[in-house]
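Each chain, letter by letter, is given below.
2 protein chains.
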Amino acid sequence: MKNLKGALMFAQSGGPTSVINSSAAGVFIEALKSKNITEVYGAANGIKGVLEEKFYDISKEDMKELKLLKNTPSSALGSVRYKLKDASVDDTDYKRLLEVFKKYNVRYFFYNGGNDSMDTCNKISKFMANSGYDCNVMGVPKTIDNDLFGTDHCPGFASAAKYIATTVMEISLDAKVYDTPMVCVIECMGRHAGWLTAASKLAAVNGLAPDLIYLPEVDFDIDKFVEDVKDVCAKNNNKCIAVVSEGIKNKEGTFICELVAQGARDSFGHAQLGGVAATLANLIKEKTGFKTRGIELSLMQRCGAHLASKVDVEETFNAGRIAVKAAVNGETDKMVCYERKPGKKYEIEYKLLPLELAANTEKTVPLEWIIDDGRNVSDEFIDYALPLIQGESKAPLENGLPRFAKLKKIFVK
Amino acid sequence: MKNLKGALMFAQSGGPTSVINSSAAGVFIEALKSKNITEVYGAANGIKGVLEEKFYDISKEDMKELKLLKNTPSSALGSVRYKLKDASVDDTDYKRLLEVFKKYNVRYFFYNGGNDSMDTCNKISKFMANSGYDCNVMGVPKTIDNDLFGTDHCPGFASAAKYIATTVMEISLDAKVYDTPMVCVIECMGRHAGWLTAASKLAAVNGLAPDLIYLPEVDFDIDKFVEDVKDVCAKNNNKCIAVVSEGIKNKEGTFICELVAQGARDSFGHAQLGGVAATLANLIKEKTGFKTRGIELSLMQRCGAHLASKVDVEETFNAGRIAVKAAVNGETDKMVCYERKPGKKYEIEYKLLPLELAANTEKTVPLEWIIDDGRNVSDEFIDYALPLIQGESKAPLENGLPRFAKLKKIFVK
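Just so you know, the sequences run in chain order A and B. When we follow the working numbering, the leftmost residue of the first sequence carries the number 4, and every step to the right adds one. When we follow the working numbering, the leftmost residue of the second sequence carries the number 4, and every step to the right adds one.
Hints listed in this document are in silico derivations from the structure and should not be mistaken for laboratory results. Some hints here could point you the wrong way.
Stated by the list, open to error - In the DSBU-like style, the derived pairs of lysine-lysine whose C-alpha atoms are separated by at most 35 Å in a straight line are:
hint, chain 1, residue 1, chain 2, residue 2
1, B, Lys-51, A, Lys-288
2, B, Lys-63, A, Lys-294
3, B, Lys-412, B, Lys-105
4, A, Lys-290, B, Lys-412
5, B, Lys-290, B, Lys-397
6, A, Lys-106, A, Lys-86
7, A, Lys-8, A, Lys-105
8, B, Lys-5, A, Lys-290
9, A, Lys-51, B, Lys-288
10, A, Lys-409, B, Lys-397
11, A, Lys-397, A, Lys-38
Claimed, not checked - Sample of chain B residues lacking proximity to chain A, with all beta carbon distances greater than 12 Å (derived):
hint, residue
12, Lys-57
13, His-195
14, Lys-227
Note that the structure is predicted; figures quoted are calculated from it, not measured. Glycine included, C-beta positions come from ideal geometry on N, C-alpha and C.
Next up, chain A with everything else stripped away, as it sits in the complex (with noise of 0.2 Å):
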């Protein structure tokens, strides 16, 4: 535990989040007071931007603006997906790093991420550890996907939940008027953890839930799913909502949309998904004969701002504060995280964790909330998501639109 002083690098990075920048500013506006904290940067595109020495100079920008972040959907500062060499194998980019952290004397790393980047600010900090370099490194979680280890939900996480159930709820209206057949298929996003897709199990709380719910945890077969479209189809005057992870598989493990088309890959070697609605909606027009229409959330989820839930905003931008007061006080190598008090009343206590324990470790759906034999979620899961999408929070209007953050993003030199 070192009190240091010296400048803070703050990078975003992964996909971006509708509540990633309230982290952003949390983090901003907490280091700007800090008498610890000599300059705060702001790197251009993540890790790359701290390795080619493209950062801003906070301090440059205006509050007013940088209040503004809190409502700002997107990584302001620009994202990244790079990940990093185990330093056993190549360590050329951490001794870059390190020479950049010297140069600037930067004794304050934060990165803002998922799964992927906790695991590269994990072996920054290490290797900074190692070297004798003096730098408190914070992980500032953030993941639409909710599927960290190690806390109670994910920042960025119930802003997305929000926007699929409140969006699931509008088209269960639209897709209904007719007296003929229609079978919605709905795409969220989740590669492998069901959070996003379950969300849409909220909207059941104002009497509109889908009728079917498929997470990628549980193995996904064509010909059940067929029957099932077919046997709610029976009950329920032909009208069938169905929503979908662009992850499901089948039990041999190939991805669903993979059946039909090959998908490319994207520089993680993921498989690059989407299609999974429009594929499924295809089939079932082939089956059925029904009209069927396949709708892909897409970007839509992840930066739809103004449908940010308040508790999302705001627990997002005080664990930028968090991450700040605590790295400030000594803290390092730990990523911020929450924990959900007992009782009733939702309420949360932010926590640190190791950061090896949160890098690389996927948190999904428990299986015990995955019912119906895997074509719906439990109560137990409204339990859990619906304090988490409570309040609303966005952007000022101005002309009737959002009024979102413009940062000057003048380059340290």
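Got chain A sorted already, so can you dock chain B onto it with the hints?
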């Protein structure tokens, strides 16, 4: 001009909108107050409900729920796509309608819909008049397409426009986070009229205009599109946001999506569109090697009531009320329309237009507003549309999610 005493029959037709029920609320609340209106009926699934004697007794509904209709998307009574034949060809349906009207003493018939529905409404109006049956017939317009003739704009358009502009802003931020190339193609509804696609331009007022906008009013050239995207990418760090109408066609008149797949047709013989964004995104990927994303705003753009424009909700509610007042005062064979008053301050006057003028005439975006060789729209469009998307009006939240109207829907026996 006859002052009639009898029942009012209201029916919703065509594709739903975020605010179509606001007109229903206006009609119902005003009609329930009128001494000349003995009963208030809501037809199940448009004209089909009347033909089949399936309609609800609106007086049995709670006033609280009727008020919630104002912010409940989609057609609460159910909709239909059913085009009446010309009475001169086959008057079976008309005779049946007359029979039902007589049986229930329907003296006020209101039809809520777009182009095709105004045509239906017009035909019914003429048939009743020719049959010597006194019935005041009113068209209440709605269409997100904004293509009805004789009105400054159409109820429902502004809310869809606000949804599109807001969502395009959010997507613009999201799609540009990485330092790698990214081309995003966003698809909006609007078969023959580009009003909705043009609405993406409103994002310009807060600095997030899309780079390219293609309306169906002008020919679409695929090769030129690829060049346009390349040009934008070259100037713009390999990022491009293009917004296209589902209805863009090449100069031979073939829908772009049909160039790839043979489309199905709906019950009116309209080509069933969709998939333009995916088609063009794939094309750009093939031609440039860049990462691309095709995003269809699908049903969300017409049912996203959480983003409704207050101007739209209020005008649409008033349109319903004014239709009732006018009919009770003896008006018939008219459609309610909006006339914009001259001057800088946005204000409208509600007028009545003969139904035959409203029926079947499509109003498209003025060609002089389509600029930059067909890849952008001018500021005149912004001047026209921006006043329409002002203010917010949405359902109250319950459990953090919208509380939409729940009608009892008690059938009249």
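Hints, one by one, checked against the model:
no.: 1; hint: B:Lys-51 - A:Lys-288; verdict: holds (25 Å)
no.: 2; hint: B:Lys-63 - A:Lys-294; verdict: holds (33 Å)
no.: 3; hint: B:Lys-412 - B:Lys-105; verdict: holds (23 Å)
no.: 4; hint: A:Lys-290 - B:Lys-412; verdict: holds (33 Å)
no.: 5; hint: B:Lys-290 - B:Lys-397; verdict: violated (43 Å)
no.: 6; hint: A:Lys-106 - A:Lys-86; verdict: holds (23 Å)
no.: 7; hint: A:Lys-8 - A:Lys-105; verdict: holds (13 Å)
no.: 8; hint: B:Lys-5 - A:Lys-290; verdict: violated (54 Å)
no.: 9; hint: A:Lys-51 - B:Lys-288; verdict: holds (25 Å)
no.: 10; hint: A:Lys-409 - B:Lys-397; verdict: holds (28 Å)
no.: 11; hint: A:Lys-397 - A:Lys-38; verdict: holds (31 Å)
no.: 12; hint: Lys-57; verdict: violated (9 Å)
no.: 13; hint: His-195; verdict: holds (21 Å)
no.: 14; hint: Lys-227; verdict: holds (26 Å)
Checked against the numbered hints listed earlier, the structure breaks hints 5, 8 and 12; every other hint is satisfied.
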